[in-house]
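Engineer: Residues per chain, in single letters:
There are 2 protein chains.
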Amino acid sequence: MICVLSGGTGTPKLIQGLKEVVDLKDLSIIVNTVENNYFSGVYVSGDIDVVLYTLKDMIDEEFWYGIKGDTYITSEYLEKMGTPEKIRIGDRDRATMIQKTLMLEEGYSLSEIVDIQRKYLGIESKVIPMSDVDSDIVIETDIGQLDFHEFLIEKQCKPTVKDVVYSDVPPAPELIETIEKSEMVIIGPSNPITSIMPIVSIGGVREALRDKYVVAVSPIVGTEPVSGPAGKFMNALGYDVSAIGVAEMYKDFVDKLIIDNEDKELSSKIKDIVGDVGVTNTMMKSLDIKKDLANFILKSRND
Amino acid sequence: MICVLSGGTGTPKLIQGLKEVVDLKDLSIIVNTVENNYFSGVYVSGDIDVVLYTLKDMIDEEFWYGIKGDTYITSEYLEKMGTPEKIRIGDRDRATMIQKTLMLEEGYSLSEIVDIQRKYLGIESKVIPMSDVDSDIVIETDIGQLDFHEFLIEKQCKPTVKDVVYSDVPPAPELIETIEKSEMVIIGPSNPITSIMPIVSIGGVREALRDKYVVAVSPIVGTEPVSGPAGKFMNALGYDVSAIGVAEMYKDFVDKLIIDNEDKELSSKIKDIVGDVGVTNTMMKSLDIKKDLANFILKSRND
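The listed protein sequences derive, respectively, from chains C and S. Letter 266 of the first sequence, counting from 1, is numbered 266 in the working numbering, and no numbers are missing. Letter 186 of the second sequence, counting from 1, is numbered 186 in the working numbering, and no numbers are missing.
Read the hints as simulated data drawn from the structure, not as lab findings. All C-beta atoms in this analysis are idealised placements derived from N, C-alpha and C, irrespective of residue type, glycine included.
Across the chosen pairs, the derived CB separations fall in these ranges:
1) Lys86(S) <-> Phe39(C): 17 to 27 angstroms
2) Trp64(S) <-> Asp288(C): 50 to 60 angstroms
3) Lys68(S) <-> Pro84(C): 22 to 32 angstroms
4) Tyr38(C) <-> Asp147(S): 19 to 29 angstroms
5) Phe63(C) <-> Asp147(S): 39 to 49 angstroms
6) Phe63(C) <-> Glu150(S): 40 to 50 angstroms
7) Glu124(C) <-> Gly82(S): 12 to 22 angstroms
8) Lys181(S) <-> Gly144(C): 46 to 56 angstroms
9) Lys181(S) <-> Val138(C): 47 to 57 angstroms
In silico negatives: residues of chain C with every beta carbon more than 10 angstroms from chain S:
10) Lys232
11) Phe253
12) Gly275
13) Arg301
Bound conformation, chain C alone (with noise of 0.2 angstroms):
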């Protein structure tokens, strides 16, 4: 059993590269959920969505969200009609949606609905949003606490920040277990602040990594702040916008961190913070570079 834990954009196309090279019964993915909330009516886990798509390859490959070929009638319309949707989403999209929301009325847990999903879209992989409960991120900035879309649309990222918090959630039932049965963790390319740590922070997880053989690809390659404030959270936090930095903040509980080639240079300095290091192509944008990525990482262990 492989577990991949996964944001909503650089891990799926990783995933794309795992689904070629891994049986789908031996992968599980934890997902982040941080930040979920509701949307025009609706419970939108924008990652776990993105995840579930990417498995049944009906992902919106142009925006790495939604489904591929979906309309956007209701969608339009709502615009027409003045009330644009702070969220676009697709009919069927919307589908996924409001049975979800529907499920949660009726008491389902998360994870018992994104079982339920998957095994109804045919997937094989398990998925497991990291927790049931919803949380959020709180930034502590030099103007007080601001939530996180209040720093990222109102202040538009302005404000110092002095702090990154997570709120304190249980795990989902199956996380726990599902790390420490794995031969291999991989954490990938996501967003580290906003994706990756949020899953690492829950109680019992970090400590559950550390037992384990884990592989991360640095999602930042060369000084480019990743998406989004990542990188003005990164330095906050006393971090370098590098791989380098990437490996300071996992180094606890990672085992070999993959970079770029383009970062070459920096592979012993990171061999000394997190004790291994793998140097490939991480920019994956073919099918093929996906591919030897994905079977770069499954041979790490054997290195």
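For chain C, the structure is supplied; the task is to place chain S on it using the hints.
Structural biologist: Only chain S this time, still in chain C's reference frame:
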């Protein structure tokens, strides 16, 4: 100004006729909102939407529900996933409902929202929900109090009905004033128990109607119960399931009852009960018949 009390099916057909013969600016429609509720995550005010779509010539006349030519992509996908919607909602229709849901969340009242929507649609007539506060129908039966859906669906209308009780909700802000300002009030051929009496039972409405010239169209022709359990309710409340029963129910606020040619022999009896009677074709199977009925109603006052 002419004011119409409307439910969701019979009266909208009459509105189609009125549209042809009255300046739309001179028409105000007061609409039943009892049993408005959330379905599939969105606020559904069925009768209001039917009235809006009818005024805009976009009603789906096959079902007298939803938008003509609408698609059902989300609904069909939900059904395919094993979660059929309790109410099948079209994709454009869903947008209308999402807009209401979002604006209710933002703190707008239902009547404000409906006014914004009718203006967006370019509808010149006012459309006024009977109340901004949600209300229910409670059925008192031999097996105890049941809510409307329990009685209708779970108990399949089997228990003996003792009484029908409407929630005590305040009128929408413009409701009483609209009636008071009207030269004439038309009570359309909607279900008396589930559409008309919920409006009439709102505080101040019955009194306002008594001061006005009110013409009602009987929704019952012959002794056929109108759709649903209305016949059972009418019987339980001591009324005949006939135009006579309608006359008895409406007598203290209606000046004239219009009945179908088929019920011609009831006309003198009905005249005794309500004071005046009109006999014409009320089976609105074509636009011409709708127009004729509208004209017949409008000239009532001068007869």
